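K.L.:
Make a model of the complete structure from these sequences and hints.
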Amino acid sequence: MKANLKYILSWLVIMIAGFYLINALIMVGVIDDFIENMLVTIGINIILATGLNLIIGFSGQFSLGHAGFMAIGAYATAIITQHVSTELGFIVSLLVGMALAALIALVVGTATFTRLKGDYLAIATLGAAEIIRNIINNLKITGGSAGMFNIPQLCSWPTVYILVCLTTLVLMNFIRSKNGRAIKAVREDEIAAEAMGINTTKWKVAAFVIGATTAAIAGSLHASYIQTISPSNFGIMESISILVIVVLGGVGSMTGTFLAAVVLGVLDTVLQNFGALRMVIYAIALILIMIFKPSGLLGNWEFSLKNLGKHFGKKERG
Amino acid sequence: MEHLLQVEHAVRKFGGVTAVNDVSLHLDEHELVALIGPNGAGKTTLFNLLTGMVPVTSGKIDLRVDKQTYDLTSKNAVQIADLGLSRTFQNIRLFKNLTVMDNVLTAMTNKYKEGFLTTVFRLPSYYRTEKEMRAAAEKLLDIFDLTDSQALLAENLPYGTQRRLEIVRALATQPKILFLDEPAAGMNPEETADLTNLIKRVQKEFGITVLLIEHDMSLVMNLAERIYVLDQGELLATGTPEEIRTNNKVVEAYLGEGEV
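Read top to bottom, the protein sequences are chains A and B.
Just so you know, we're using my numbering here: the first sequence kicks off at 4 and counts up by one.
Just so you know, we're using my numbering here: the second sequence kicks off at 776 and counts up by one.
These are computed hints drawn from the structure, not numbers from a lab.
The model shown is predicted, which means the values in this text are computed figures rather than measured ones.
Worth double-checking, as some hints may not be accurate.
[Unchecked claim] Listed next, the stretches of chain A that the computed footprint assigns to chain B, with coverage defined by at least 3 CB atoms under 8 Å from CB atoms of chain B:
1. 171-181
2. 186-198
[As the list claims (entries may be wrong)] Once the Cα atoms are required to be at most 25 Å apart in a straight line, the calculated BS3-like pairs of lysine-lysine come out as:
3. K788(B) with K835(B)
4. K205(A) with K835(B)
5. K850(B) with K120(A)
6. K975(B) with K951(B)
7. K914(B) with K979(B)
8. K313(A) with K835(B)
No residue lacks a Cβ here, since even glycine has one placed at the ideal position from N, Cα and C.
P.N.:
Right, here's the structure in full:
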């Protein structure tokens, strides 16, 4: 019990320290608006990609519809905060977006996971996301294909930072529990999982719903920070670029997702001057990784304070 | 008399092939029964029918638990597992990339409650259930001498150990009936003898019913109280090990008819 408390406190200290570190760097001027913008984008991508990694890496289901759920969160925030332009309005819009995304994911998931696997599932989720995008495209309240602008900026980097910490905490704790083991069992062997009484459809849908909810959070942050959104932001290319982060970092490693989001975020910023060449370099980086490290940067390795502690403990004794 | 598990006229056809043809059998509580037969006799298909992995074409399978009768033909694999039927697989189906410990813990999923909020926010009750689950798993692993390898990935275990882990995993679901599909396949005589004792011990200790498919006759004759013999999908004979050993039809099915 004491040891558990130690790890919880250590993580809390790390999170708070990270916050003050960024804060200090901004005050000193090391982090300017440009870099702050990059950090926020990385944060949003982390939320998106960790959620997708839960679906792809842990429950083993291939989803290409992540951007659709991001759109739900983004539009919920855009619409609500344009009417209620307060912090509370933002929080409400965040929750509404999450609830809506969860509900739609539940419907889509239940319909597809009972019958489809692998490539077929990818197509079905892609279709679902396109339906969401097309509905948004044709509604008046969402501004149609022109999108929405002048969305009040109610979130700044601390909001993003806190939500990155929160979603990561929720996802990691979820994975390292009875529920997480059930989800991993579904990935490993569905027949054996069913023989152990694990309802495979239920756990696949659970992972899908949680992943979709995190995508909605990221969407809300995106809308409020960037202040302009349009349906074309949430097409298949967005889904794929989230997938790229997951695959690059290592399918089944949240630590890898963090690393890949940061690497790609920095690369993206550095390459901004190259314009169209950006996507080419992106693609080459991906191909190289797939050739030399097919399991992604970190495979399924996960950072853990507990193992770090053991490692250093050994060194001291030895 | 009511049996724990009663199979009546079970038939399973795959296209034109009748894999299981009109098989009737029963299992009682605390029994250790073997199912033998030549390759392709339909033993594994029968297991699949009993555990709901494959639906029956026709026939009845009834489970009687706590004075209630459940019709298993209308239930799926998950529901049947929840009713207390657990199994191992002929071609080992462990969760390969999970640790030995996690393999066992996973099988306990339905036996313990852990709410979403308690796990996500690591409330005290999360640590309590995890501790209980781990203690129960450690006890099982200890019986099967797997305590030292609990942190290893299942795929890195030697073949015989993987088979033992599968039995542990099946036991972790707290079954009433345990189906073992060739538990001694690929084991040397020494390992087989160890396994024979283990199965006997587990069956006694946990008070469960065991039905096992096995080709190793030393294990079958040592363990089984009753034997069913399956040949080409049909029940050929049933009886005590002694009766089966001297049954001409069984000898013929295994060795072919004599020409002399």
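K.L.:
Each hint needs a verdict: does it hold in this structure or not?
P.N.:
Each hint tested on the structure:
no. : hint                 : result
1   : 171-181              : holds (count 6)
2   : 186-198              : holds (count 9)
3   : K788(B) with K835(B) : holds, 15 Å
4   : K205(A) with K835(B) : violated, 28 Å
5   : K850(B) with K120(A) : holds, 23 Å
6   : K975(B) with K951(B) : holds, 15 Å
7   : K914(B) with K979(B) : holds, 16 Å
8   : K313(A) with K835(B) : violated, 56 Å
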